[in-house]
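Asker: The residues making up each chain are set out below.
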Amino acid sequence: MIDPIVSELAERVRKAATEKRALRIRGGGNKDFCAYKLEGEPLDVAGYRGVVDYEPSELVLTARAGTPLAEIEETLAKGGQMLACEPPHFGPSATLGGCVAAGLSGPRRPFAGSVRDFVLGTRVLNGEGEELRFGGQVMKNVAGFDVSRLMAGSFGTLGVILEVSLKVLPAPEEEVTLRFQVDEAKAIETMNRWAGQPLPVSATCHADGALSVRLSGSQLGVDAARARLGGETVLDGPAFWRAVREQTLDGLRGPLWRLSVKPTTPPLGFPGTQVIEWNGSLRWIGTDAPAEQVFQAARKAGGHATRFRGGNGAPIMRLDAGVLGLHQRLKAALDPNGIFGRHRLHPDF
Amino acid sequence: MGKVELLDAPPAALVDKAELVRRLSAVLPRECLLHEHEDLTPYECDGLSAHCQVPLAVALPEDEEQVRRVLRICFEARVPVVARGAGTGLSGGAMPHGQGVTLALSKLQRILEVDPVARTARVQPGVRNLAISEAVAIHGLYYAPDPSSQIACSIGGNVAENSGGVHCLKYGLTVHNLLKLRVVTIEGEVLEIGSEGLDAPGYDLMALITGSEGLLAVVTEVTVKLLPKPVRAQVALAAFDSVVKAGEAVANIIAAGCIPAGLEMMDKLAIQAVEQFVHAGYPLDAEAMLLCECDGTDEEVVAEIQRVSEVMRASGATEIRLSRDDAERLKFWSGRKAAFPAVGRILPDYYCMDGTIPKKRLGEVLAGIAALSKEFGLSCPNVFHAGDGNLHPLIMFDANEGDQAQRAEAFGARILELCIDVGGTITGEHGVGIEKINQMCVQFRPNELAAFLAIKRALDEHGLLNPGKAVPTLRRCAEFGAMHVQRGKEKFPDLPRF
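Quick mapping for you: the protein sequence lines, in order, are chains A and H. Position 266 (the first sequence) corresponds to 266 in our numbering; numbering is contiguous. Position 463 (the second sequence) corresponds to 463 in our numbering; numbering is contiguous.
Hints may contain errors.
[What the hints assert, rightly or not] Here are the in silico distance ranges between beta carbons for each label pair: (1) ASP32(A) with ALA77(H): 33 to 39 Å; (2) GLY47(A) with ILE111(H): 50 to 56 Å; (3) ASP183(A) with ALA314(H): 48 to 54 Å; (4) GLN296(A) with GLU187(H): 48 to 54 Å; (5) PHE480(H) with LYS78(A): 56 to 62 Å; (6) LEU112(H) with ASP236(A): 44 to 50 Å; (7) LEU14(H) with VAL51(A): 54 to 60 Å; (8) VAL51(A) with GLY316(H): 29 to 35 Å; (9) ASP32(A) with ALA137(H): 46 to 52 Å; (10) LEU112(H) with GLN296(A): 51 to 57 Å; (11) GLU328(H) with GLN296(A): 51 to 57 Å; (12) ASP32(A) with GLY363(H): 43 to 49 Å; (13) LEU112(H) with ASP320(A): 19 to 25 Å; (14) GLY363(H) with ILE5(A): 32 to 38 Å.
[To be verified] Here are the simulated DMTMM-like cross-link-like pairs (lysine to aspartate or glutamate), alpha carbons at most 25 Å apart as the crow flies: (15) LYS225(H) with ASP63(H); (16) LYS186(A) with ASP115(H); (17) LYS225(H) with GLU74(A); (18) LYS170(H) with ASP298(H); (19) LYS170(H) with GLU328(H); (20) LYS360(H) with GLU189(A); (21) LYS262(A) with GLU113(H); (22) LYS300(A) with GLU328(H); (23) LYS262(A) with ASP298(H); (24) LYS229(H) with GLU113(H).
[Stated by the list, open to error] Okay, the calculated bits of chain H under chain A, using three or more residues with CB under 8 Å as the criterion: (25) 138 to 147; (26) 266 to 275.
Everything labelled a hint here was simulated from the structure, so no lab data went into it. Ideal Cβ placement from N, Cα and C applies to all residues, glycine included.
In isolation and in its complexed conformation, chain H is listed as follows (with noise of 0.2 Å):
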């Protein structure tokens, strides 16, 4: 794979944006296409509000069809295009390109049908997350996978980011959710892929598509599965006076053969920020705190809360809170649910890292953040989805003092480098994006790239779809080092991050 085309390059000729408006508006209603810059604006970033970009226009087609041809357009005059969901993402993904379309799908927003007996719901891509769980309920299914932000993060962005969420320790991700996508290729080819079935014949294009991050194809339809809604959930709330001893605790209870619906860890720095801001009763002494979730039948959920209880004790609890009803599971839930906001209350700006690692180095792996924090004189929360090594150090900061933008952004890169270096990786759930692009660079080989960008030529042979994002171009990795990427803040400081 010796020849590499560089994907993130700007087209060679500007494009010229009175006849692709020509073009784009005799396939859409003069209502779905933007091109004014006042009407652009709105768009020009998503959840990472420091990389901004006004496109030259944005579509937001009504049907699969006018999505094919905006594509097919788009194609035809070599276009870039970004597709966009709700806009929630945390890695830039859905950052528009200088000189391309950013294809917002928030118009197809409709559940297309629910088959409460096959346990499946068909939708379209701008449906909320959920809006899914919500029309199924009265048939007492849900759809498990639940990212912080599903109040607001559309399932065809879960699907571009393979999402994750407190639950997918025992729920899985998106791609486990998932049975059949209608999707619209670059050149306006539309595919079916997978079945109502589990699975389909040939390669597994699901896994392939999902958390392709808007490069490969553009979602139109997702089928996903439904689960019967658990009767019964409960918390229990565990202190520890280390963080190693609480990282034991969740070793334990996964060797004892427990999965439970959530296990949830935070640090003192975390833990503090929280109490102060949602009095949610946490132990304030505490150098960590475990929340640990069980559901099922209640008798499934009385002999794990026993067992997990017990492990905790075992592990050297100082403290275990059962919660006695759903309003007081909810409450040991808000403090955890409000830790990023509680952080940004602290200071003006957070930046918030996404690593997984293997849960056995944790307590290396929050020695090392912790020495980096004082190297870098900024102070870092750590908030942890313990069962699945899912870690999301906070890095505080004041963009408006000094240097700390700049610190933080480094900071932040180190604790990726951390990552790798215990053998994780740089981006768990919230996906790579423009955020991470550089430190694909470290995490993988120029082979292993040569292969993702070799992929990437077999569904878009010239690159249109989301150039520059997720997948670097060895020329951008030989170049990494001497650059300086903006980092920054979130544009969404109020939606739950967890």
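Bound conformation, chain A alone (with noise of 0.2 Å):
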């Protein structure tokens, strides 16, 4: 059986391809300020919603693309498991869509993994309203390329995501967030130092002067690391990530740079703010420097610079002259008349 908003959206994506028009796929909007450019008609899948399939001891949920992502939690919490990744939501009414579409992860992802890592299957609409399922809803599957973890990340510009499979996690018993007062280079130290021990290290995050590190697992697990690290126990430890994964935390509202480099590289010294997360291998950078001295500093640092937020239509990113043409050759290979998110990543696809 087809079901009629599937069908509706497959064929306003045929109509799109046949007359080559743009469009957008939205989902909460809630992430419309990252990456380049909105072009086009918007296509709206939020409508498309529903946890199709959820069991506990199969560590797998199934919803359509629609699905609020606080209802994916909630269910998630139901059965005392999590989306490991920690995804943002930027807003109220972020979809599992979005969440998958922008790639992006939250304070847990060097310990547990990325939005991507829990991408198990998906089911797309391609450039030609072709419905095409890739993955599946087991967690080991080496049958055919990866085009579900493609589509993470991809914004929106590989095709319409209908339903993501996710591997899911069991939430921790027990977690506690330990601050201690330590200077950039001092944490940026003791993040990497603690990450090479078999310690239950859940998070950790430099801002304003202080190191926050969260530690998850069994109680006696957690009781035994706290006692051996130190440090002062914060209080709403929980509320002091979902500020960091949600932006609202100061050093992370404003016009924002997101560099990711390897962890151990020493402060940068850009001048304006900067919190640093994912054992250091997460900087984020409110400045005014010029864009080229960014990128360059973190090529030199072994990774790269994504403006995240407040470019004003400036370019977000740099790929290499090679890279950026197997972009355009995959993009082309999925969307053959080019009609999802035109710029929405490069201005040159």
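Please assemble the complex out of the two chains, which come individually in their own frames, going by the hints.
Answerer: Written out as structure tokens, the structure is:
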């Protein structure tokens, strides 16, 4: 049986393909500020919602793309589980489809995995309005190219995500947040040192002169680690990590660069604000420094800079010529008429 | 996506071998190019020895520049290229092409850099999986994915197959443990994928390349993540009087919020086959057995092993034993790790399947396999990465006895189709290669295969990289059913397979 919402979406895609008209796929619209440009007429998938299948013992949840992220998190919480990548919502109407399309992960990412890591399967509409299934609802699956994971972070440029199956994990029995008053250099050194030891750390963040470290796991394991690491216990740990994830923390609210770099990179020294996450491998920088300088600093640190918020139409990322060419060819392979998310990621496609 | 090229068709014209060898000789040292028949035969198959084919030549480059040049020559001459790591794969992914060059990366075996503070290792593709963990052990670190062939398989091959292992429920597959790759396209272009951070902007090319079975690019350098070695590991061994109860115990362990480092099941036939051979002390009267390994800090392991034991008891375990020290832990594992060769001792041949299923369908699938076992008149013990639903039925046969090989093949195909029917997949970790190419036609619909083929063309317009593997053409699928593909036994019977 074909779902009427899906057949209507497919029909609109086919029509746009025939007319080579741009479509912008939209879930909750909370991440419109991310990436480069919004072009074309909105293709709203928020109406296609609902959890399709969830059994805690399978560690897999399948839901339609328009399902609110909050609803998914509530469903999981009832089963004692969670989305371990802790994706940001950036607004109450955030959807599962938007979460996967943006591919953004939260504080637990270096310890548990990214949105992409947890994607097991997708059902999508390609650029010709055909409904395709990739991956599946099982944890290990190496049949065919991993198109499902390719959808994560593609910002709606490769196809319309209709349904996603995700691996989910048990929520920890106990969580505690510790805080240490240390400068940036000391924080980077500490995060990396602890990451090299078998400790139940599940998040790290340096902001405003303090390093916050979250411990997760069994009561016994967390208690032992807390005794070993010391520091001051943060009263409302969950609120702090929510502020980090949702970027309501000072230093994350304004125009922002996102630098994904080698975790041991010393302080970058840009004028302005800086928040460090992910054991040092994620640097959020609010600075007026010239874009070229930021791109180069990230490159020198073994990674990449992306203009995350407030670019005002300036290019948001640099791709090497070879990698850019590959992006263009992959885009053409799945969306031959170039209708999805034109210029959403990059000025050249 | 109407137009589909026949990517597994051989090139229209036969390759001029002498000319090809002359051109390759110009870019490779003398000892790095094999083209005499007797030098080529060691490369005629990988771990799936029933699929053999002698290539035109074997190139053994010593650096990335030589890889680039070999690919460029093959691209210009439209010669197929099959990349090969250690040749331990079980799906025939590195089976040569009769009109092609096998690009063996075994000489690229240097560990280029270990950064214990950033917890990374940058290695060449021919480095053995286990060699990485051995090299970083002095820093208290290890590389987590542990395919059973880890003493021999190479990291480049692991990337090509997205290899798993016993510990992937907790620590992930290869794709989850990579930071950066250098790859060379068929046109000889070098690309850097990923970064020294945890991600890179744009499409997730790491996810696309990992597990692409040598169809999209050739890996020349791999930067992996390293993890701190757990302080302690302990195994609980539990016996059950039915496979259904053992399956329920697995579901209950996970529902109780535990993600053990390893969670393995063996059925009665597998336990008995193993026990004759290894004497691991397994319960011979049990219908099924679970091995559950917990790792972490001392406190974490104490808490988890207690929880797991309680759940197993409540789920009907007839006996539970906890490893008292590392020697006993390894003894508990020894039988599981010897399961494949043990089966190989009972009958000369076995055919290892690799389906993944939703765990809740286990009872039904095992009953289905038992029924098929009667139908085909072949015994089939089962070992199971129970935590993540990856089932390895081992079909036992003797290729020299009548039509047993054909029956094993037909039996295997039915098991794969059973896995698809319950919502699973034809391959959890061994790859499609040549072995399961026809079942791809069952698992995917034509427009999905067309999408794979379009991606293939985006990276390899002329279909020169590992043609005929992993993704079938639509024409091949149309012919599937009339075809009869020989399946086969493994080439490395002594290498641990689990």
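Asker: Regarding the pair LYS262(A) and ASP298(H), is the alpha-carbon distance no greater than 25 Å?
Answerer: Not OK: LYS262(A) and ASP298(H) at ~30 Å, beyond 25 Å, violated.
Asker: Is the Cα-Cα distance between LYS170(H) and GLU328(H) 25 Å or less?
Answerer: holds, 22 Å
Asker: Verify this for me: three or more residues of the segment 138 to 147 of chain H with a beta carbon less than 8 Å from a beta carbon of chain A.
Answerer: Holds, because 3 residues of the segment 138 to 147 of chain H bring their Cβ atoms closer than 8 Å to Cβ atoms of chain A.
Asker: Look at the Cβ atoms of ASP32(A) and ALA77(H) and judge whether their distance stays inside 33 to 39 Å.
Answerer: Once the Cβ atoms are compared, 49 Å apart, the range 33 to 39 Å for ALA77(H) and ASP32(A) is violated.
Asker: Against the range 51 to 57 Å, how does the distance between the Cβ atoms of LEU112(H) and GLN296(A) compare: consistent or not?
Answerer: The hinted range 51 to 57 Å is violated for LEU112(H) and GLN296(A), with Cβ atoms some 24 Å apart.
Asker: Is 48 to 54 Å a correct range for the gap between the Cβ atoms of ASP183(A) and ALA314(H)?
Answerer: holds, 51 Å
Asker: For the pair supplied as a hint, LYS262(A) and GLU113(H), is the alpha-carbon distance within the 25 Å limit?
Answerer: With a Cα-Cα distance of about 14 Å, the restraint between LYS262(A) and GLU113(H) holds, given a limit of 25 Å.
Asker: Looking only at beta-carbon atoms, does the pair GLY47(A), ILE111(H) fall within the given range of 50 to 56 Å?
Answerer: holds, 53 Å
Asker: Assuming the hint says 56 to 62 Å, is it satisfied by the Cβ distance from PHE480(H) to LYS78(A) or not?
Answerer: Taking Cβ atoms as reference, PHE480(H) and LYS78(A) lie about 44 Å apart, which means the hint is violated.
Asker: Starting from LYS170(H), check that the Cα of ASP298(H) is at most 25 Å away, please.
Answerer: holds, 17 Å
Asker: CB of ASP32(A) to CB of ALA137(H), is that within 46 to 52 Å?
Answerer: Because 48 Å falls inside the window, the suggested range holds.
Asker: Taking 19 to 25 Å as the hint, is the beta-carbon distance of LEU112(H) and ASP320(A) inside that range?
Answerer: holds, 21 Å
Comparing the model with each numbered hint stated earlier shows that hints 1, 4, 5, 10, 17, 20, 22, 23, 26 do not hold.
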